[in-house]
Structures are given as C-alpha cells and as structure tokens.
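A.B. asks: Here the protein sequences come in this chain order: Y and F. To convert, take the position in the first sequence, counting from 1, and add 248; that gives the working numbering. To convert, take the position in the second sequence, counting from 1, and add 149; that gives the working numbering.
Since the hints were made in silico from the structure, they are not lab data. Misleading hints may appear alongside valid ones.
What the hints assert, rightly or not - Beyond 12 angstroms from chain F on every Cβ pair, some chain Y residues (computed):
id	residue
1	M249
2	I349
3	Y424
4	T523
5	E544
6	R732
Stated by the list, open to error - Derived lysine-lysine pairs resembling DSSO-like cross-links, with alpha carbons at most 27 angstroms apart:
id	chain 1	residue 1	chain 2	residue 2
7	Y	K689	Y	K528
8	F	K474	F	K442
9	Y	K689	Y	K642
10	F	K291	Y	K556
11	Y	K668	Y	K528
12	Y	K642	F	K442
Claimed, not checked - Example chain Y residues on the side facing chain F (calculated, C-beta under 7 angstroms, incomplete):
id	residue
13	L358
14	H573
15	M576
16	T584
17	N595
18	P605
19	L607
20	E608
21	A611
22	W617
Where is the CB? At the ideal position from N, CA and C, for every residue including glycine.
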Amino acid sequence: MPLLSVENLSKSFFGVEVLHGVHLTLEAGALLGLVGENGSGKSTTMNLVGGVLQPDAGTMLLDGRRYAPANPGAAQAAGIAFIHQELNLFPNLTIEENIFIAGFPRRHPLLPMIDRARIRRRTVELLGMVDLAVAPNTPVSRLSQGERQLVEIAKALNTDARIIIFDEPTTSLTKYEIDRLFGIIDRLKAKQIGIIYISHILTDVMQLSDTIAVLRDGHLIGQGARDEFTIDRMISMMVGRSIGQLFPSRDTRPTDEPVLEVEALTAPGIIRNVTFTVHKGEIVGLSGLMGAGRSETARLVFGLDPHKSGQVRIDGTDLGDFDAHAAMRAGMAFLTEDRRAEGLLMNSPIFDTEVLPNLERHASPRLGWIDGQALGVLTTEYSRRVQLNTEDLKTVLSRNLSGGNQQKVVLAKWLMRGPKLFILDEPTRGVDVGAKAEIYKIINSLVADGCGVLLISSELEELTGMCDRILVMNNGEITGSFERGGFDPEAMLEAAMRQGTRASA
Amino acid sequence: MTDANAATAGTGVARRPKRRPLWQRLLLSEYLVLWLSVVYFAIMVPIVPAIASPETFRNILSDLLPLTVVAIGQTVILIIAGIDLSMPAIIAMASVVGASVMTGTGGPLAGSPAAMPLGILTMLAVGAAIGWFNGFCVARLKMPSFMVTLTTSMFFSGVAIWYVTLRSTTTSIANLPRSFVVIGQGDIAGIPNSLWLTLLIAIGVHLMLTRTVLGRHLFAIGVNPRATQVSGVVIARPILLAFVVSGLCAAAGSILYTGRLETGSPILGSNILLDIIGAAVIGGTSLFGGKGKVIWTVFGVLFLVLLDQSLKLMGLTLFMVFAIKGAVILLAAIVDAARTRITGR
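Please model the complete structure; the sequences and the hints are all you need to start from.
C.D. replies: The following block contains the structure:
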C-alpha cells in the first residue's frame, strides 16, 4: 500500500480550473521527483497535499485512509512537512526556538514556564541527525541559506513527519551544501520517510528520484520509475515539444573595443584587486562558489556599494566615486539576483516597474513633467520584444507573474535604456526551461547589437553555453580566466577552490 | 500560492475577471467616501435640520479648507510609507514666527505694506526648514520618520510657546495686518480666498504626484525603496523633497488658520493630528505606502468635517465626538483591509 496516493485531484481559482485530475503515488522510503514548468501546477498540487489549499474534486489517501487536511496545521499533525522555497524561519530567533515555535514544552503542564533543558537536548539530537554542527542557541540570522534549510528539516523531524515535501531546495545552496542535503535526503529515505522533491534542476531529479512525475498546464503528463526517463524526455514532456538547443547559437563575435574596464577594484573584506575588461559584443561569465564575491563584484561595479580603491571605466571614462544612478547614466544596466526584493515593485502593475529607470529620459528637464504617451509606446514595444502580454501592463501586478515573466519585466525595464553594459546576476534562477531559452535569446540579441554582458551564474552549463570568456572567483579575487574553446570544468572548479594571494579568511 | 496565482493571473491569457457584484464595485470605487458623505448628509438632515443651514456650510468650509491643505501634505508622506507627526508643531511655529514679523504692535515691519508678503514668506520658510530637517534625518541619516517627526514635533511645540513669551506678555501675538487677515476671510469673485489657495495647492500637489518624475519616484519608494534604488533612482532626494512639501503644506495651513484667528498662536493646530492622518486614511491612502491620491484626501476631509459638525450640532460632548471619530477612522482602516483582500493588492 502506498504511503500517499492522490487521486483525480482538481482545483480551480476564480472559476478557472488550474489542476485537472492529477494522480500521484508515493511509497514509504521513496523519493518522488515532481517536475514541470512554472505554472504547471506543481505548487498547487503540493499546497493541496500540505493543507494550504483545499481541492475542488478528488481524494487523497494517507496509509490507505482518507486524508483531507483543512489547514497546514492539520497536514502537519498528519505527518506531512512542507519545506518551502522561501524558508519559514524567524531570523531573529535561535535555532531551538524556531524548531519548537509551534509549541514549547513546559516544565509542568500547569505552569507557563518553558522547559529550556528539554528543548536544548532535543535540538542537539535533531541537529545531529541533519549534520549541523552549530550551537542550538545560535540565532538563525547567522546561518547560511544551506544551514537554514537543515534547520527546517530538523523542524520537520521534530514533528515526526512521514512525508517531507521539498520545493526547490537547492536554489540558494552552494555545491557543498547541496551534497550534504542529498546525503541527508538519503538518510531520511532509509528511515522510511516519503519525500516529494520539486526542482527545475533535472540532473538532481534524475540523481535522487525513485519515481518521477511530470506536470504540464495542470495535467499529469507522465509518472513512472526513474529508469523510464531521460533528461531530454523530461524536458520535451514539460514543454510539450522538443526545445532542441537550449543555448541558441550566436552569429556575432566579440569586438576588441572595451566597454567596461574594471581596474584593481577593492572593497576591504569583500573583494580585492579585481581587474577585468568586457568588450563590446562580448559575454563574460563570472563563476565561483557561493560567497566567492561574484554578486558583490557586480554590485560594486554598478555602484550599489561603495569601493575603497580602484577604477570602473565605461567607454574609457572613469566613473570615480559613483552611485547606481551615475552607473545607469553612464550606460550600465543591472539585473539583480533577488528580483522579488530588488528587481520589481511586486505590488504594483508591471508598467510601474518597467518605467522606473526610464522616467527621467522621458520628462521635461526642469519640472520633470512626464511624457506619458512616449512611455506607453516604449513599454508596449519592449514588453512585446521580451514576449510579455502587453494588455496586462497596467492591470496585472508583478507579483502575480511567473518567475520567467517577472525576469522578463526586469529585462524590459533595462532594455529600454539601450544599455552599453548589462550585468546579469543569476538571470535564470527560478525560471522554467521555456523562459530560460527566451532569456538566452534576448541576451544574444543584446550582444549582437554591441552591448557588453557580464553574466553571473551558479550553473556552469549556462556559463559554458553562453560565454565568450569565463572568469572564476574565489575569496574575493579572480583566480582564473578561461577562453571559449578552453572551458574545462575541472580546471574551473580547481580555480574556484584555489587559494588566492590572501590567506584564508 | 505563487503557482496558483501564476496559473490564473500569470500569463494573463484567457482570464478576464467577471464583473464584480455591486457592493464590491461600490467598495472599490474611488468615490466611495464622497458617496458616504452624501448619504450621511442626507440621513442627518431630518435628524438635525440645522446641518443644512448656510451657517453650517460656512463652518464646514472654514474647517475644511485649512485641514485639506495640511492633510494633502500628510498624504505625500504616507505615500512614501512615512508619517509626519510634526505638522501641528509646524503650524504653531509658522504661526508665531510669521505673526511676530507682521504684527502691528512691536513687529519689525509694523505698518509697512511689505509686512504681509514678507510674513507669508517667513511662514513658508519656517515650514520648509522644519520639513527639510525632518527629510534630512529620514533620507540621509536613515532614521524612521515616526521617530524623527515625533521629536521635532515635541521640540517645536515647545519652542513655539517659548518664542511667544519672548515677544509678548500674553500667550499669542495679535494685531496682524488687515491684508493678511483677508487671505483667511476675504473673497475674489465670490469665492473665498482660502478656497482659491486650497484649490491651487490641491491641483499643484495632484499634478506633482501624477505627472512628474518626482511623483512616480515617491510612489515607487513607497512600494519598495530597495528596488527603486537598484533601478538607478537616487531615493534620498525625493524623500527629502516630500518632507519639504509636507512642511510647506503645514505652513500654508497655518496661514489659513492664523488668518482666521487673526492671531499668531503657539497652540494653533495642537489637537488636529488625528484629523490630519485620519482624513488621509479615510480617503483611502494606505499607511503602508505606495497608495494615495489628493482627491481621496479631499473626500476624507469632507467626511470627517461633516461628521464633526453634525456631532457638534447634535449637542454631543467633546469626548463623545472624539470617540465616534476614532471609531470612524478605525472603520476606514478596516474598509482599506477589505479592499486589499478583494483586489489582492
């Protein structure tokens, strides 16, 4: 008898059915990989299982018994733990407080006093299970993303969860943290815990899964043992077509004309002596492990953080001591790795985000009187260019868009400025395969027009597929440079781990 | 949840919301508060007939106009998710400093025709200066506006009283030039001067908010200051300017209040803070920032003043009036939350 079986599950929002009769089966001690593009119904399905939403039709059986959680609390009581993409921890509280947040054990049932000793004991035990060697009273704010995830798992184990749902668990983890997570997942399976694993990273899904289910547009397209699948087959099932080549070929070659020159850029404790050049029509990749200083370099180059010494030059002009506004006016554009917090006005219509960097150029110089018509034309044109639905510009809020479409909004807002240099920090994070291919095409058309691109990515495949040159960073310094044709994953990893001139910090 | 939204709203294809039921459309209407005012007025006429008298209208107008001017300033601050608690203090400070410049008894410009324009300029300068200081603390020193304006409020309330004691043996500064008093009391083409001034400010701020780069930057800052900054906008300047506008609005309100009273007084506006913020919130401006309109605030003030007048005409005690006004403002906040739930915004 399966641990969990979901039969004929359907769900509608505002009269539109988004999930059409989905079946899923999960055995105890097995891992079910759930894949599909954004908007395919993965999260809706898991929200139904986790009690966040209630189905309109269909049944769920847990251990053969009917299971219909009315709220997340009921699901948790039934033994289902949901580890969300955005972790639900309180950064201001300690690890142990977070683990016991739902109910602190008391010293005596009648006394409102917390049994700290018991919490401490149990937390140490739980942290041991997930290989996290930090003190139980460490505030969560001091933990890395990967460590926070382990705390979430410990929290699930504390509730004796029998099913753990992971929603995109690896998005913000380092390679090392991912390996550790996978080791723990194996251990959870050995304890007969059933795992549902949602991810865009198909190689991980192939590696971990016992069975795989593919969703598309709210339909279950296929479910079966892992051996029945290949990555190519999963992709074609997800998009409903074969997408052929993920990285589009490029007809143009980089020029010899530098657009961005960074010289000995230093910000103490962050990056040191970083020097590189991006030429017109060139894509330069920035690789490295998490914390190597890639995003920090991008932020410094765009003037979001102050640097202590060194120079940033655009078209040969030194920007001096500049801020983001000056960087933008010099011709730079910056796509942030955290689009929700920094890229978009999530609670405003798409239009508001798109016009933000473009207002000044379409307004009278003295009073700042906006040329609304010009902005309307401009946003429509560029939204079409990145394949957004232009009817939605002034009505749909950015937060209601899928990850891929959100990223296109961020791209559109900068493309309107016709940037000379575009810094892209993790442009395809949390974006489905179809939108990824579209974003790559946009990047290629940018460089074809002579724009220089600085591309930061944690996916080596993305860098080797797109870049003319890849710089590898470690510990705030550039430790390797590789030209197209000489991309050697092993040598690049070696450079990412190599100690620079600075002693280990 | 994100996927659920993405599936229904995300691509925006094949999804147009059905026409909402009437009660929802009413609730979401921009003119909700105006309709409420009209309905409330209609209900009150049979209960307290005096509310429809010309005298009451005059009273309503004379309460309405200065409060509108001040509440418009507050709206600008609420849009950037800030709050300006120092407006009553600015009103008091502008009033006493302006009066001391203009007054006929011992003022430096006593009897001079320049007294009125220079007095007004002084008042506006006081408002702009205190606003600038608030803005500097919030924008440059990154202090929370609540804390900054609470302290400037206390400080300048005190200074205003101290300033009067320097100049006069009484608690206020009287004998203001006729040309100044006329601003609060006279009329042009049958329309009171104070109404002209209020209209000018309302239209000016409305255009600033809706048609200029500064206005759009203010809304963006209210929604997400970090994203605004990462979009290449220098956010310190708009924040600073918002507080200067707020200070100027308070000073303009002070001109009307002072003119009406014909006296510079340090306790002018000392109990209108609730009305200033309440009117903006009743109108629909959000305390969370990023949402607000001048016209909403005008409706909010209208409703609040109407309520105030009717309760006074019914002979309720001041305490009762306060309690009911508090309840109405709370109700407005609940309505705002309900609107948010319906639109998902």
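A.B. asks: Failing hints, ascending?
C.D. replies: Hint 13 contradicted; others consistent.
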